[in-house]
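Asker: So you can see what is in the structure, the chains are spelled out below.
There are 2 protein chains.
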Amino acid sequence: MSRLDLKRGTVEMIHGSGGRASAQLVAELFARAFRNEWLDQGNDQAQFDLPPGRVVMATDSHVISPLFFPGGDIGSLAVHGTINDVAMAGARPCYLAAGFVLEEGFPLADLARIVESMAAAAREAGVPIVTGDTKVVERGKGDGVFITTTGVGVVPEGLRLSGDQARPGDRILVSGSIGDHGVTILSLREGLGFEADIGSDSQALHGLVAAMVEAVPQIRCLRDPTRGGLGNTLNELAQQSRVGMQLDERTIPVREAVRAACEFLGLDPLYVANEGKLIAICPAEHAEQLLAVMHAHPQGREAAIVGTVVEDPQCFVQMQTQFGGNRMVDWLNGEQLPRIC
Amino acid sequence: MSRLDLKRGTVEMIHGSGGRASAQLVAELFARAFRNEWLDQGNDQAQFDLPPGRVVMATDSHVISPLFFPGGDIGSLAVHGTINDVAMAGARPCYLAAGFVLEEGFPLADLARIVESMAAAAREAGVPIVTGDTKVVERGKGDGVFITTTGVGVVPEGLRLSGDQARPGDRILVSGSIGDHGVTILSLREGLGFEADIGSDSQALHGLVAAMVEAVPQIRCLRDPTRGGLGNTLNELAQQSRVGMQLDERTIPVREAVRAACEFLGLDPLYVANEGKLIAICPAEHAEQLLAVMHAHPQGREAAIVGTVVEDPQCFVQMQTQFGGNRMVDWLNGEQLPRIC
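These protein sequences, in sequence, are chains G and S. Quick note on numbering: numbering that gives the first Met the number 0 labels position 23 of the first sequence as 22, and the sequence is numbered without any gaps. Quick note on numbering: numbering that gives the first Met the number 0 labels position 1 of the second sequence as 0, and the sequence is numbered without any gaps.
Chain G on its own, in the form it takes in the complex:
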């Protein structure tokens, strides 16, 4: 059997057969790029020891279109997204699993580029991809590649972060500017050219989280405002905790290029997806210390306190606008941006 043609070859149905061609795809592409002691064992599962503590598990399916974009691709996004979901429990992400659904005819060169990017993201984050699976569907029954990643991690002793822990008086922080990822993807898709100045913020946030929970273990909850953006994520948290929220628009960091693109596109940056930002809610007395810790970390340099948790049996999120008015930040009702992650 000759080697995979990673320059001109394409994904074929036979690569999903479970036979020799499947084994070759795994060996010459996936196992080569992800190389580690667990994959080298060649079993259908990985075995490892976890440090003591509560275990965290998160899974995310990725269907972003287009597959490649300024600041990343579906591969790096699939690694960052799941690492972040694990990290938002205050946990240290330890291991990743990856399931691929490939479409017949997809260029192996593109697949190799995606897999290399995943491997680089996993290496950089220090979270190995230890097990996986690959399936192939017929042309027209998929869209290039979908990647589902699952992560496990461990929560340090004494932490119990959850979306239902916000209390009136708590402060709401965000780690940096919002809307970068969503605007980049939409601009690219529509051929608008804004993405030249922006780029996705896709990144793994577990380093920032570790610094934050070590300094301020009193943090109530962390969440990354991905699909649905800051607006929806705050509504989710308000509902879970049965509280209201009062935001101050002037303090919410939005990059100029993102603001301009949103105006052009008729989008509200509050509802645009992020892939490298987090929301933190913590007791008021720890907010300044938490902000200082975030500012001292490369991923939190633009962090800001953007609002306060308030008592509200209706769980409304409201925002004082830059012009002094007060507006509702409701759940996103319509479809804003399909296939953004």
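All the pointers check out, no bait thrown in.
In this list, chains with the same sequence are indistinguishable; a pair is considered to hold if it fits within one copy or across any two.
Derived EDC-like pairs: lysine to aspartate or glutamate, alpha-carbon spacing no greater than 20 Å straight-line:
1. Lys-140 - Glu-103
2. Lys-6 - Glu-27
3. Lys-6 - Glu-115
4. Lys-140 - Glu-102
5. Lys-140 - Glu-189
6. Lys-140 - Glu-11
7. Lys-140 - Asp-109
8. Lys-6 - Glu-102
9. Lys-6 - Asp-109
10. Lys-6 - Glu-103
Read the hints as simulated data drawn from the structure, not as lab findings. Being a predicted model, the structure only gives us computed values, none of them experimental.
Fit chain S to the supplied structure of chain G, relying on the hints for placement.
Answerer: Chain S in isolation, oriented as in the chain G frame:
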């Protein structure tokens, strides 16, 4: 917002938006069916304690077509398949995660049926689905529903099963008749009617595995012969352990209806997928005891010793046929059955 129309409604792009419609789909369909304390927390990840021991993680993407078949559907299959991958390490499966990729226009009634079936399979197996994710792709960019499940479990103290542990002289056992799943799916797809007499063998095997490893902790390795069937799986194990294998065709259990269907279809049952069978390799001196334990379990009543591990630097799997000849059981080279799981 009115309730989901689970009778006449369909999956819409907005169900993947991360907004209110996404939250509704999760609340009224997934969380309702899978209901447990972890999902009720409403976080993007689940937190739990694991019993002490080495942790096992496995992931499987499911793209089977058709989605419903005699003996199961993509939902129950996705639960059984991943539980089995975890169990094959000798582990007790503890928790599952599920990622869904839905196609726009897919009937919500079908989705509900699949989700109910997953919930029932998880309940029956005692392995809760504690976290998940849902994405939606445009019509023609998917195929109804793809489900990626990931499982974690824990290996009892003292066990170290792996595909590289087979040694010359070991015995090879299978837990029951082979080929049922693959023949059922193919017959259904081709409208041949054989499936009326057969049905998929899809089932979770962790109960059988627990009985086996408790009685015979000396087992070298377990593996479920899914895609690629018994033939490929034994070749994988032979390669991993750097050994050869000698099978005896007369001892390999194949149901009459499966044998007849395979003859009609020109298939070799050795390469047809199973979803509820396992291969065990164990030292010769424990083989009879292991067989007795399997026979005593409802999932192992038709278990058989089907061959012996031999020394062979070329790692060939060979089989003495019922007519006394010896044939090579090579890796499956061609595509036998696409989208079988």
